[in-house]
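Read off the chains here:
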Amino acid sequence: MPKDAGPQAKTNPGRFFEDYTVGDVIEHAVPRTVSGGERALYHALYPARHALYSSDEFARACGLPESPLDDLAAFHIVFGKSVPDVSLNAVANLGYAEARWLRPVYVGDTIRSSSEVIGLKQNSSGKTGVVYVRTTGRNQHGLAVMEFARWVMVKKRDLDAPAPETVVPDLAPAVAPEKLVLPGGIDFSAYDFVQAGEPHRLSDYQVGEVIDHVDGVTIEEAEHMMATRLWQNTSKTHFDATPRADRKRLIYGGHVMSMARALSFNGLANAQCLVAINGGSHTNPCFAGDTVRAWSEVLDIAETPAPGVGAIRLRLVAVKEGGMAGQLKGEDGKYLPHVLLDLDYWALMPA
Amino acid sequence: MPKDAGPQAKTNPGRFFEDYTVGDVIEHAVPRTVSGGERALYHALYPARHALYSSDEFARACGLPESPLDDLAAFHIVFGKSVPDVSLNAVANLGYAEARWLRPVYVGDTIRSSSEVIGLKQNSSGKTGVVYVRTTGRNQHGLAVMEFARWVMVKKRDLDAPAPETVVPDLAPAVAPEKLVLPGGIDFSAYDFVQAGEPHRLSDYQVGEVIDHVDGVTIEEAEHMMATRLWQNTSKTHFDATPRADRKRLIYGGHVMSMARALSFNGLANAQCLVAINGGSHTNPCFAGDTVRAWSEVLDIAETPAPGVGAIRLRLVAVKEGGMAGQLKGEDGKYLPHVLLDLDYWALMPA
Amino acid sequence: MPKDAGPQAKTNPGRFFEDYTVGDVIEHAVPRTVSGGERALYHALYPARHALYSSDEFARACGLPESPLDDLAAFHIVFGKSVPDVSLNAVANLGYAEARWLRPVYVGDTIRSSSEVIGLKQNSSGKTGVVYVRTTGRNQHGLAVMEFARWVMVKKRDLDAPAPETVVPDLAPAVAPEKLVLPGGIDFSAYDFVQAGEPHRLSDYQVGEVIDHVDGVTIEEAEHMMATRLWQNTSKTHFDATPRADRKRLIYGGHVMSMARALSFNGLANAQCLVAINGGSHTNPCFAGDTVRAWSEVLDIAETPAPGVGAIRLRLVAVKEGGMAGQLKGEDGKYLPHVLLDLDYWALMPA
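Residue numbers (my numbering), protein chains in the order written: chain A, 224 to 574; chain B, 224 to 574; chain C, 224 to 574.
Bear in mind the hints are in silico, worked out from the structure with no lab data behind them. Among these hints, one or two may not hold up.
Same chains, same label: a pair holds when it works inside one copy or across any pair of copies.
Cross-link-like lysine to aspartate or glutamate pairs, in silico, EDC-like; alpha carbons within 20 Å at most [said to hold, decoys possible]: (1) Lys378 x Glu554; (2) Lys344 x Glu241; (3) Lys459 x Glu520; (4) Lys459 x Asp469; (5) Lys350 x Glu241; (6) Lys459 x Asp565; (7) Lys459 x Asp435; (8) Lys459 x Asp393; (9) Lys459 x Glu421; (10) Lys557 x Glu370; (11) Lys471 x Glu544; (12) Lys402 x Asp247; (13) Lys459 x Glu544; (14) Lys459 x Glu388; (15) Lys344 x Asp247; (16) Lys344 x Glu554; (17) Lys552 x Glu241; (18) Lys378 x Asp242; (19) Lys378 x Glu526; (20) Lys402 x Asp555; (21) Lys557 x Asp242.
Note that this is a predicted model, so its numbers are computed, not measured.
Isolated chain A, as found in the complex (with noise of 0.2 Å):
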């Protein structure tokens, strides 16, 4: 490469619209070993409690070897290896689906991610389309440990390059009881409840309850980018201050979606492993300062196959200061401003 390339000629610009070909798959880079060390900072980054991800007694005796890492740390890490390739360029991040854990992620593990592009559409300004893909996260064994499908609006680079064939993959609107797949071993028979925090079953839970998680946290610069930088994501807007006159950092939805997990253990303690995301939103942004808050909605109840373990459904809802336990969207049918996330999974809870 000549010197008269530019200081920029060897950056990373990211992927523009017309860079994606449907089919294409792309190997994100950065692999990652993860330790204790992962583990210990999500405790302290969120106020994490669910005990089969805090103790490794509490994990055995429900049939794992270990206390797996935190499932939505797993996915943190998966996603934030495709940032430099999917949405370093994306004006919007707009949806999940099909998301899967497929194995529980170990200390010790090596993961490394790669997308499929599986469906494209411009947009009819002609500037802008939707890129969809399938990302999956892999361990050292090649095995696969998570995979989502999201799409995202990305920026043409050049306004004249013709749009691609539409192909808008037919995503499902939810993961079926059925399709979920269930960590390798679990047993729920010997569960104890006094140890995990809250004596509910999933018995105990009806669809269409409503449970306020009440405790509230109050989200600061240094945690935020602490964390998105821990899962590699490199999306600038996180943590440079420069570009916005108000000089606030859009906080990685990721960290909203953690936080609001951490604190539906208040509620929903025995909720202990994510095996599927069936949609979600970032419907506003987050800035440091506010405080967050989250409530949930039963969707569904399932049976598994596993010993003692059921599968429950349900909306995970995190809002800011003004938001109330129930209340997601206004006559209008758009989301309350003070609504953050809008999340749709499944756990594991015992039977």
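With the hints as your guide, set chains B and C onto chain A.
Same frame as chain A, now just chains B and C:
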């Protein structure tokens, strides 16, 4: 539970004064496995430099199998588990007594915690009462790692609930030296003063001597919240800025304790292992922006049966700006407004 | 020591200029065992993405037994130990030279550090002098992991103390390529450029080429204090806001160094192992709120005896707002006011 039980029906409201009965044993939830991550975070959050807790090699030269988790970290973990059951509705944390470390906590240990109610005394107002508990932390082998008594003022839920019989436990004003439990195998006969950082042995200290630890640390919100969360302490007041008009979060007293202990390295580098807390008071609140300093007073000196190991009883005082070494109380006998912590403890030091 | 020796009699006042003698070797206190916790914290505090330091699998494919601790983390640990003995009373950290990494630091290693005084020169003012030291870090086997020379300006305690004989060491302007020490077994012949994140090998870079690393990070107080404490650096100026009217804390120069190095991934993803620092200057102070960016200039290129491994000599420049890639000094020959760091180092890259 019926759907119309309301969105807070499954969350933990905490116990109120009338929910305690003398003799009850409460098993606290969420056991916790510790790793090198907790140790590294302790070193990132506090200027901790005591060599026995920093170096496996130093610890082995002192007869231990490896470097244990900092003793105050063990205390915070055991204490944190008790918060949801003991102090969620506490108006004030009134005191500690008879705290003893009974066995070091090592990487890989899983800690759980339980509390026995050992006293109850309704206040004359009829609105609150004092609850005395003895809390014990145990490792995965069921062996006690530490125990302490504490008493808190707790609200009554129902002001008309009858007052219980008053039981005030007989707590020792200090742990007698012969009741100190030493880490198994500890031996300071080949103690390396150079690697430890200071030349002073127990015989260099005199009862009544005051040590100004000089250094100061200005406290940040992100740090005290990360620390408090790491110990899974759920007290809302440390995390949620919204209840107070000034949006201040009250800092967990244990954060001040660990900060002061770490600062005390400068002058007490050889006060390695904490073995007992005789008493302690969080005398004034600490908020982000305060600059914490510390001073110590030598209260007593004792022998131990271990080779080369003596015990030093210290008053550790944390102060914010305006505090001066040796200044504890005003002429009215009350703590000065800049005194944050008055802690009376025993530590082990080369004799 | 008599009780009336005063409350600061046992604390470390640090050494003053007249306390140093050429040829003295100072053993620094507080050895430190590193774990996965330190590695995870490094990834949380900096946007570190170099694959060799992120993935055990990647490291093994490059001939190492596992992923080492980041080289700058090793530097900070060795450096931090020297602060209480070398720079507690320093007015300025003047420079570095002849720094070489000699052996990677792995999880489980215990690091200690010592410094030899190699030069002394009293300043003409008679109030201060320059102290030159060569600091060496060693692991638990006594094997050197890194060494560096640095020189600091230190206050005299007693202005009437006689000036020592001036000894100015002969320090190399740069570490010669043949003096670089490579990690044992390193082999880039099967280097995975896809997992590493960029396609550029050594032959793609030209001497004189400037690389703008583009991304910026706005610095927070909590983060730089956590980093600096993690390395057990005791310099008061980084932690105590009270001495300055503006309550700013001066950020440890090493924090800026690690931030700039991590940012340099974007354009230098394959500059994996640091092997030498030829020189370095902290040219302007950095404070919380500053947004740090970085650019690099290729200074030299060299061969090494290891398979597929070349060496690249780089100037790494950290800037705050206003800094532009390639702009280092003004017409007066002085560093521009927004230049924070000018670091000259050797790294290993696939040839």
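Checked hints:
| no. | hint | result |
| --- | --- | --- |
| 1 | Lys378 x Glu554 | neither (32 Å within a copy, 41 Å between copies) |
| 2 | Lys344 x Glu241 | within (11 Å within a copy, 63 Å between copies) |
| 3 | Lys459 x Glu520 | neither (34 Å within a copy, 23 Å between copies) |
| 4 | Lys459 x Asp469 | within (16 Å within a copy, 29 Å between copies) |
| 5 | Lys350 x Glu241 | within (11 Å within a copy, 66 Å between copies) |
| 6 | Lys459 x Asp565 | neither (24 Å within a copy, 24 Å between copies) |
| 7 | Lys459 x Asp435 | between (34 Å within a copy, 15 Å between copies) |
| 8 | Lys459 x Asp393 | neither (31 Å within a copy, 44 Å between copies) |
| 9 | Lys459 x Glu421 | between (40 Å within a copy, 19 Å between copies) |
| 10 | Lys557 x Glu370 | neither (29 Å within a copy, 53 Å between copies) |
| 11 | Lys471 x Glu544 | both (18 Å within a copy, 16 Å between copies) |
| 12 | Lys402 x Asp247 | neither (25 Å within a copy, 45 Å between copies) |
| 13 | Lys459 x Glu544 | between (26 Å within a copy, 15 Å between copies) |
| 14 | Lys459 x Glu388 | neither (31 Å within a copy, 53 Å between copies) |
| 15 | Lys344 x Asp247 | within (15 Å within a copy, 64 Å between copies) |
| 16 | Lys344 x Glu554 | neither (30 Å within a copy, 52 Å between copies) |
| 17 | Lys552 x Glu241 | neither (35 Å within a copy, 41 Å between copies) |
| 18 | Lys378 x Asp242 | within (10 Å within a copy, 60 Å between copies) |
| 19 | Lys378 x Glu526 | neither (43 Å within a copy, 42 Å between copies) |
| 20 | Lys402 x Asp555 | neither (35 Å within a copy, 69 Å between copies) |
| 21 | Lys557 x Asp242 | neither (33 Å within a copy, 44 Å between copies) |
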